[in-house]
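2 protein chains.
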Amino acid sequence: MAKELISRSENYSQWYNDLVVKADLAENSAVRGCMVIKPYGYAIWEKMQAELDRMFKETGHVNAYFPLFIPKSFFSKEAAHVEGFAKECAVVTHYRLKNNPDGSGVMVDPDAKLEEELIVRPTSETIIWSTYKNWIQSYRDLPILCNQWANVVRWEMRTRLFLRTAEFLWQEGHTAHATQQEAMDEAMKMINVYATFAENFMAVPVIKGAKSENERFAGALETYTIEALMQDGKALQSGTSHFLGQNFARAFDVTFTNKDGKEELVWATSWGVSTRLMGALVMAHSDDNGLVLPPKLAPFQVVIVPIYKNEEQLDAISEKVNEIIAKLKARGISVKYDYNDNKKPGWKFAEYELKGVPVRLAMGPRDLENGTIEVARRDTLTKEVASVDNIDEYVEKLLNDIQSNIYKKAFDFRNEKTTKADSYDEFKEILNNKGGFVLAHWDGTTETEQKIKEETKATIRCIPFGQEEEEGTCIYSGKPSKGRVLFAVAY
Amino acid sequence: MAKELISRSENYSQWYNDLVVKADLAENSAVRGCMVIKPYGYAIWEKMQAELDRMFKETGHVNAYFPLFIPKSFFSKEAAHVEGFAKECAVVTHYRLKNNPDGSGVMVDPDAKLEEELIVRPTSETIIWSTYKNWIQSYRDLPILCNQWANVVRWEMRTRLFLRTAEFLWQEGHTAHATQQEAMDEAMKMINVYATFAENFMAVPVIKGAKSENERFAGALETYTIEALMQDGKALQSGTSHFLGQNFARAFDVTFTNKDGKEELVWATSWGVSTRLMGALVMAHSDDNGLVLPPKLAPFQVVIVPIYKNEEQLDAISEKVNEIIAKLKARGISVKYDYNDNKKPGWKFAEYELKGVPVRLAMGPRDLENGTIEVARRDTLTKEVASVDNIDEYVEKLLNDIQSNIYKKAFDFRNEKTTKADSYDEFKEILNNKGGFVLAHWDGTTETEQKIKEETKATIRCIPFGQEEEEGTCIYSGKPSKGRVLFAVAY
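So the sequence lines, in the order shown, correspond to chains A and Z.
Going left to right, the first sequence walks through residues 411 to 901 as the working numbering numbers them.
Going left to right, the second sequence walks through residues 411 to 901 as the working numbering numbers them.
Hints may be right or wrong, so weigh each one.
Claimed, not checked - Subject to a maximum C-alpha distance of 30 Å in a straight line, what follows is the list of computed DSS-like cross-link-like pairs (lysine-lysine):
(1) Z:457 / Z:432
(2) A:508 / Z:863
(3) Z:863 / A:706
(4) A:793 / A:830
Note that these hints are calculated values from the structure, not bench results.
Kindly generate the complete structure, drawing on both the sequences and the hints.
Structure follows, in structure tokens:
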């Protein structure tokens with residue numbers, strides 16, 4: 411088969427890259443670091459978007475749209491933001507092309523230089539807070555609960571499809587509140603929304619927690635994160651929610667009159683997930699045969715392949731299949747009937763395995779006679795023969811089973827790969843041999859955190875929520891610690 | 411009232427600008443020419459998107475995503491495209507900022523200059539056809555029916571909210587076909603989709619037709635358009651669909667092996683509508699009191715305002731209102747209950763009139779006693795008292811009536827403002843005094859078209875489809891003509 415994949419054990423990184431391309435999710439474009447999201451990949455992203463958007467609206471948020479460009483000077487207004495945020499940005503300096511005098515195409519018109527350069531947004535806190543200044547006068551104007559679906563650009567030097575690209579798609583929520591508590595609650599609410607989405611829809615278990623000071627978003631007082639574990643034992647940060655305090659309000663002079671008639675600075679949060687989630691989805695579940703998609707996000711949940719020798723057989727099978735399709739659709743199950751005559755059934759089986767279609771049904775002349783159909787599930791690669799009579803009910807139940815099973819498999823894997831370490835030697839040994847999450851005591855200093863990172867490449871993924879208090883000593887410095895934090899080597 | 415509008419007759423242009431801002435649809439941003447689409451405006455755009463997306467999928471299209479940036483050299487590859495297309499583009503020349511040595515913020519890092527400048531897409535034919543080259547080998551790979559929802563940038567010097575902005579949101583379909591006929595059919599299919607959407611959802615009647623050669627999209631062999639008439643008698647081009655022939659396939663060397671094993675160039679179309687439709691929606695229906703929204707696109711279709719003197723009255727009214735809300739929602743009607751205590755009913759009435767909410771219900775203590783409710787419709791500004799018993803059925807019917815009535819009003823207006831002219835004097839007289847569409851004979855030459863434009867500002871909006879053949883003489887040159895074309899002064 412032309413599309414065969416390298417195995418995960420042989421080369422996980424190449425397996426991932428090849429799978430993303432071969433399963434028609436995305437590919438590199440002619441523009442360095444920018445990807446093309448292909449229709450099959452985009453269909454998954456659309457399903458993610460639809461569900462997240464529903465969850466955002468259910469929690470009181472509305473969508474809006476803010477400019478792609480940010481004046482350069484805005485970046486300097488919030489000191490921590492400009493210091494901490496990567497400065498690799500796409501910079502627009504001119505606004506016109508003209509014909510080359512020598513007739514060889516176009517050139518940038520040197521007369522069309524912008525007075526102030528514009529930055530293609532790497533994130534929109536600055537442009538949004540400069541806008542909120544005009545929207546907020548009184549406590550009655552608060553809260554503002556806006557979300558934006560948008561593209562952003564960060565000029566990454568080393569890119570990988572979905573995981574790290576120069577341009578990516580995301581949503582960014584930006585909320586404004588009258589009180590600190592309300593903003594803190596909002597930041598927490600949204601990390602919980604992300605966790606629910608990851609677990610219930612992507613079937614990816616995540617650990618929720620707070621970032622260490624060193625790993626916080628530039629300009630944030632608190633960054634919450636959800637951390638997922640990939641099959642190679644590396645962590646993937648899958649969504650973050652930031653409590654920004656009054657930093658952006660101060661930078662852009664956004665105040666409101668409170669109920670007592672006094673001027674106060676507004677409190678802020680921001681939160682986002684991106685097409686990086688596509689990478690998490692692929693790496694969490696897929697196997698050496700290809701994608702394994704959770705039914706709730708699969709572009710189509712069922713594929714039906716007819717097996718026939720002649721037109722007459724195909725017609726008879728199709729008649730039965732069309733009945734089945736109608737019954738499946740009535741249950742809200744999405745289904746593709748692949749009666750394409752150019753490809754053999756074996757080719758199709760491999761293709762839909764590669765593409766992670768959760769359930770494959772195949773029907774041949776003997777099935778038609780017997781009133782049966784072959785049912786193959788993608789997650790376990792097992793096959794059964796079922797009666798066509800109540801196949802819709804059967805498939806509905808199967809899809810639920812698959813969704814749960816994929817989650818359970820990832821959950822068990824994550825638990826198996828989560829280890830406590832009580833000494834630095836043990837810590838290093840786990841990272842080198844087993845990988846995964848390591849729970850260890852840390853003295854709370856950035857210095858220790860950075861030493862550990864330099865020596866082992868592991869970073870503090872988060873200080874997990876709801877962790878039991880436990881007296882201990884830092885694995886690196888031996889200083890006292892009150893609880894374990896979650897380490898891992900991360901994407 | 412603080413938000414009062416200037417009247418349309420006094421200053422149509424200012425009326426439009428003020429209305430867009432005061433009704434919370436959009437506003438100018440800190441970045442020249444770029445707008446902020448506010449939540450209320452974005453909610454309308456989301457409804458447009460959802461409906462169009464459904465129609466695109468129903469006609470066999472899929473979504474994908476292509477890069478924001480286009481290498482400068484790509485623009486030179488299709489000669490007509492680069493010649494004809496405006497060269498006002500945002501040009502990215504650098505990819506990094508750095509701290510100013512003097513400590514005053516950030517500057518562009520001169521060492522981070524791109525080897526080849528990147529253009530922020532003004533439209534994506536070039537980047538997409540460079541991608542399609544890799545997707546297409548055989549006739550089996552065709553057709554490709556992709557759509558993209560994206561932001562694009564054209565560095566317009568004079569901008570107006572929604573109508574002409576530097577950055578705008580749109581969808582662009584890009585399809586690839588094995589035969590000329592199939593591509594031509596596709597271009598025609600999509601202009602029909604746009605017309606159906608404009609008429610059935612926006613309640614804006616449109617005239618479908620082909621552009622004259624002079625007004626075609628750069629690189630197109632045929633451009634189809636839908637043209638709408640605004641209340642000031644000016645035309646607004648509301649959507650276009652292009653048959654691109656083999657021009658982009660030739661430029662990017664995209665060939666396929668046909669069924670006979672021969673190499674052929676691929677045939678192309680592209681088609682798009684943008685946030686400009688928001689401008690059409692506002693200008694087609696709204697009045698001196700504010701927006702008039704068609705129920706099918708209103709963010710909420712019904713607003714309910716309680717009228718009360720004390721908490722007890724409010725509680726009693728709210729109990730009844732909640733029953734009504736449940737019944738309305740069961741019919742799929744979206745409703746907002748505004749029990750905000752900070753604003754008086756009169757303020758709310760004016761506010762929702764400004765925002766174009768199709769139906770307003772108001773309930774006071776006497777209504778509660780009598781089992782009645784006041785029903786106000788936005789399009790006619792009339793009020794009635796209705797029984798609460800079957801208010802849901804009543805409102806459902808009313809919303810349908812409003813949708814039809816808004817369309818009919820715009821349709822009658824358009825017909826009244828469409829005039830035949832048989833001489834150039836008559837043509838100019840109509841444009842000067844009555845405005846609107848003028849149907850007149852034209853000799854088919856670009857020369858005449860441009861003379862008429864210079865002298866009257868009117869352009870050929872389209873050569874309408876299905877126009878009767880009619881022998882005549884060109885109003886300008888006196889040369890023979892076989893049918894009338896549609897002229898107007900346009901946005």
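Agreement of residue 457 of chain Z and residue 432 of chain Z with the hint, judged by alpha carbon distance not exceeding 30 Å: holds, 21 Å
Restraint status (C-alpha distance of residue 793 of chain A to residue 830 of chain A at most 30 Å): violated, 39 Å
Are residue 508 of chain A and residue 863 of chain Z close enough, with their CA atoms no more than 30 Å apart? Holds - the C-alpha atoms of residue 863 of chain Z and residue 508 of chain A are around 26 Å apart, at most 30 Å.
Given pair status - residue 706 of chain A, residue 863 of chain Z, alpha carbons within 30 Å: The given pair, whose Cα atoms are some 56 Å apart, is violated under the 30 Å limit.
Of the numbered hints listed earlier, those contradicted by the structure are 3, 4.
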